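Be aware that the sequence shown starts at 1, since it is given in the UniProt record's numbering, and climbs by one per residue.
It cannot be assumed that every hint is accurate.
Straight-line Cα separation of at most 30 Å, DSS-like style, residue types lysine-lysine; simulated pairs [stated by the list, open to error]:
id, residue 1, residue 2
1, LYS272, LYS95
2, LYS213, LYS272
3, LYS710, LYS662
4, LYS486, LYS245
5, LYS207, LYS194
6, LYS194, LYS276
7, LYS723, LYS710
8, LYS3, LYS254
9, LYS710, LYS732
10, LYS777, LYS710
11, LYS766, LYS777
12, LYS301, LYS95
13, LYS33, LYS17
14, LYS301, LYS312
15, LYS505, LYS301
16, LYS723, LYS777
17, LYS766, LYS33
18, LYS254, LYS777
19, LYS289, LYS276
20, LYS417, LYS525
21, LYS207, LYS31
22, LYS207, LYS748
Please keep in mind that the hints were generated in silico from the structure rather than gathered at the bench. Here the structure is a predicted model, which is why all the values come from computation and not from measurement.
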Amino acid sequence: MYKIPDSLKSEISAFAKHVHDFRNGEIEAVKFKAIRVPMGIYEQRVNGTFMVRVRCAAGMITPTQLKEVALLAQKEGTEPIHITTRQEIQLHNVKLEQAPGILEQLYRLGLSSRGGGGNTVRNIMASEDAGIAKDEIFNVTPYALSLTNTLIAESDSWSLPRKYKIAFAGNDSDNANATFSDLGLIATIRSGEKGFKVYIGGGLGSKPTAGFKLSDFVPATDLLYVGEALKVLFSEHGNRRNRHKARIRYIFYKLGEERVFELFYEIFNRLKAEGKYELELPEVHQSLKEGQVIDYNSESKLFGKWLKRYVKEQNQSGLYSVEVPFNQGMVKTETFIRLAEFLAPLGEDVIRFTMRQNILLRNIPGQLLESLYQELNDLGVEVDLPRILNSLVACAGADTCRLGICLSRGASSAIKKSLSGISEAQLDELSDINVNLSGCPNSCGQHSIAQLGFYGKASRNDRLYPAYYVVAGGQTGDNRARLASKYGEINSRDLPQFTTQLLEKWSVKKSHFSDFNDYLDREGKTDVEELLTSFETIPSFGDDKNYYFDWGAEEIFTLTGKGAAECSAGMFDMIDFDRDAILDIQKGIEHTNDQELINKSLYGIVYHASRMLLVTRGIEPSNREEIFTSFIQSFILEGHISQEFEPVVKLALTNPEASFVKHRAIVYDLATSVIDLYNNMDDSLQFKAQNEVQKVNKPEAEIPSGKRFKDFRGVACPMNFVKTKIELSTMKSGELLEILLDDGAPIKNVPGSVRNEGHHVLEEKKTENFWSVLIRKQ
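Work the whole structure out from these sequences, hints included.
Here it is as structure tokens:
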């Protein structure tokens, strides 16, 4: 296990005092958040409830620790316990006053939540089968623990520009996502010496990328210098002003691969010359029992199926690893308690958390497998289901996460139910495919590297409905890592049926391809696109309300309640809807001679092009007339779009049944101009000047100085944020803006989104049933 830093005890005591001061109004919320999050304590979707993320380096925890954590959760009323995709566990529904006591109890168990969040060194991952896999180069576990011990003991590991994620893989296949980590280390041996292939700058989330290969061989003895050098490089060159561009990969985007490598080696060589670090590999305590080789062709039909689905031979004869599945990583405390009691006689190294939110047991003697099977069955673990049904990965999504757009867990459950309708034989054929869901683009569900992945978005026709982008073809591995490609989008209601139909097609064709990605590359792309086309039609709200409810939701889908960072996401979803509609309409009339359809479609293009960017000006048209008149006023007369398009827009305004066929070229040019304008829009929703476009007789308005005032009561999210952003864009740095917002979603979302833009929220003051917010422009 990892070593708790000497400073942690005093840090927990200091945190307890901060909690006391915050609850007594002596620390403002923003300051307290900066203290709370690096301690691994996040606020959940429901105000006043928190989760505690517990570091489990390399996915390790002992049976004793597991039992005591479960008892603690039981005592504090925080079950179930959640296994994350980063091989750690989380305690949910924690009250703030409980948090210091929980941290103290974890400390006594040799566990810590420090660095579970914030701009810190996060939990270091490692291959779940490290030390037992037959095909590993060497056991990377001690190296992951050694680097953990070094980094979490250093004070500068808690004040980085953004999170620092590290992973170790035991061989080139990379089952630890090392090739998509800030620092990825893959075991290798050269001339008898242990070492690592090193990748840096990988990551998922926004603008994801595979890591950049720094070296094919770094001696294992230099490991600590590698980890420290990259941390120093990150600290010195990372973007501390914009958290959305603060990960290590953005240094590559800014400086280029060659320059980043130069900087790394300058720091690395300097650190080595100082000679500060010496690699010490902690001993992993194993109490290996003598095991018996088992017969996979068991007389018991169910036990035999379980052996084939979930049990693997280890490198150590007579010992086995066992995958224990938990639905979406949610585990009852009583289950953990009893499982820990069963495992206790087998030693400390018997549990690893997996990146698929399950547990991989190890060092299980063959003669105990049947007893283990029965114990898991008694605990309610779904041991008799095909593996595909127990390996779907979903992040927390909008259930508890403040950034979630869709209920990814609900969608995952619906997919599981839909897949259960096909034959068991087909399901067993799907055991090696990874299906991952995220509730938003942030990739906590790791959809970006899934063979089949989905991430939530808000889409709309006449109103908002939940939907998912479909991505596929992701993979990890040395010199073969690639991100999943985007294929299109699917509404949430039809997502389970789409998934089932696609995987049924794959199971039938599987024997003709090496794997699912090979199928996608050679034939499956067409299958995916055809299936998506078949689900394009969305019934109106009056015809079928189900499409406007997310899976497991009791209320109509809305962006209300989403975290502050999603104000902008909701706005861009609306823009993207019109942009995608334009492209789909154009595609739909490419190969038709139906003049009536073409004419109707061309009007549709003018309609969507005119509406597409109105949201950026804070305009919410209530009918088609307002769409066209607002577009003429705010985009053509303002000089953002050429006057040559005004006649065709006016034609759509005055006579939607008119002939647009003869104007086809100009309609297409209008669409191109609007989309180009969007692509050139900056972060403050302003457009780059276009030389050929002249503003029409519009004198420059004088920008007032001093404090501005805007009343946005009655303006819903995200439009209240858009209007705030537009107003700020006309102001000078340091000027003040006071806005009035309604209680509820507006006050929860807008101030945080303003902060994310880099501005300063000086005051949030409630008056009766509304709020006054004072902002200073950056």
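Checked hints:
no., hint, verdict
1, LYS272 x LYS95, "violated (46 Å)"
2, LYS213 x LYS272, "holds (21 Å)"
3, LYS710 x LYS662, "violated (45 Å)"
4, LYS486 x LYS245, "holds (22 Å)"
5, LYS207 x LYS194, "violated (33 Å)"
6, LYS194 x LYS276, "holds (21 Å)"
7, LYS723 x LYS710, "holds (9 Å)"
8, LYS3 x LYS254, "violated (36 Å)"
9, LYS710 x LYS732, "holds (16 Å)"
10, LYS777 x LYS710, "holds (15 Å)"
11, LYS766 x LYS777, "holds (21 Å)"
12, LYS301 x LYS95, "violated (47 Å)"
13, LYS33 x LYS17, "holds (14 Å)"
14, LYS301 x LYS312, "holds (18 Å)"
15, LYS505 x LYS301, "holds (28 Å)"
16, LYS723 x LYS777, "holds (14 Å)"
17, LYS766 x LYS33, "holds (20 Å)"
18, LYS254 x LYS777, "holds (26 Å)"
19, LYS289 x LYS276, "violated (40 Å)"
20, LYS417 x LYS525, "holds (25 Å)"
21, LYS207 x LYS31, "holds (29 Å)"
22, LYS207 x LYS748, "holds (27 Å)"
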